[in-house]
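S.K.: Sequence:
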Amino acid sequence: MSEDDEYGTDAVDSGGGAERTFAPLPPPPGRGFATSWWGRAWLQALEDTALDGQQLKKGRRLAREGGVGTVSVRPGRITAVVRDRDGTGHRSDVLLQELGDDAWDRFLDMAVERAGHIAALLDREMPPHLVEDAAGAGVDLLPGIGDLEPECTCGTWDHCPHSGALCYQVARLLDEDPFVLLLLRGRGERRLLDELQVRSAARAVRGAEGDAAEEAAGEAYGVPAYEAFAAGSILPPLPVPPPVPEEPGLPPSLDTEADPPSGIDPAALEVLAADSAVRAHRMLVEALVPGHERQPVPAELTPEQDAVRMAADARPEPWIAKRLAEGSGRPRAELGAAVSAWRYGGAAALAVLDEEWDPDADSLARARARLAAAWEEGERPQLRAARARWTVAGADVQLRYDRDGRWWPYRKQRGRWVPAGPADDDPASALAGASAEG
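Heads up: the sequence shown begins at 140 in my numbering, then just goes up one per residue.
No wet-lab data here; the hints were simulated from the structure. The C-beta atom is built at its ideal place from N, Cα and C for all residues, glycine as well. If a hint is listed, it holds; no wrong ones were tucked in.
For each label pair, taking beta carbons as the anchor points, the in silico distance ranges come out as:
#: 1; residue 1: Ala438; residue 2: Lys551; range: 22 to 32 Å
#: 2; residue 1: Ile403; residue 2: Lys551; range: 36 to 46 Å
#: 3; residue 1: Ala340; residue 2: Pro382; range: 32 to 42 Å
Can you build the whole structure from these sequences, using the hints too?
M.R.: Right, dumping it as structure tokens:
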């Protein structure tokens, strides 16, 4: 399978540069339209530009219902036929200014100087420092306010539901492949990689000439990198790692005839040993997944968080659960809610359960904008706000807004608010999940 086939695209030469087409995507039920930070930045530019939020809500609904047809992406323009609910089709285009030759020269020079940028793009990622370094070179990759210019056969001069739906669909394409954005800015993937290769080779030649001059001027220390790289071909390959065990090993039994030392509980130690074996097996499996080395290092858990994690993973006997509740700093009756939170979202979900925070003005404005955009007019439930929590009037359902801008559903059970599902970028989807569980 080719790279283009994997993403459902075809690349053709349109004269002025490559053109890629993307088959219609299935509706994205239960989640937002962008999961990557650059995809969300694309949508932010759309939402900051559009003058009529109602039009965008209609566009988001059309995209969610599968109204966007095949998407064509070429330098400076994206195009698709978007169909209304009655089946009427409109050709919709969104224009984005191409980068000039001087801007591309600066971008390529910057990328060649930092090999990590090229590696990230090849992994279909766009790290923030790549965008920041490009901006430092005077090249704006991501669109800003007013950069996404709509054209549609429906005749609307501002962003209409059709151009809005197209932009929401493109955000999903950007999640999968940031080269879509670079093509919009004027360079197709193949041309861009070819130019990077030429510049990298020229840079290597200049470096080798500089090394030769330095060696002629005096004694050289160390081994040139190109020699070390060439020697790699004569070294034997690394041995194949042994297969991963299908399940964690069994820890030894500590039940002996001898009395344990004072303060030592053998049964509790057996639980800790079993937990360590499970964690070690899980870490080994995760370490062998392709791309694991690019994942962020998890934050170290506090003893209280780790007690909740053990209760969630081990499903312990009541006497162990009691000790874990004590270790978590919670009454036994409240450990169940903490365990549910952990299973839905780990430490982040646990923080939402425990913390009450007051959003600053910007965070509160973003939360209210999300709530306003989540439902069609007249469909939004009545919500009572208290700090970062919104409770549905007349129902035991609540939404909690976290510091990262995600929504967590909660339900009231036996007088306590308990987690009812994982986080969602869309408050309507999060609330629907809580209602469905109820």
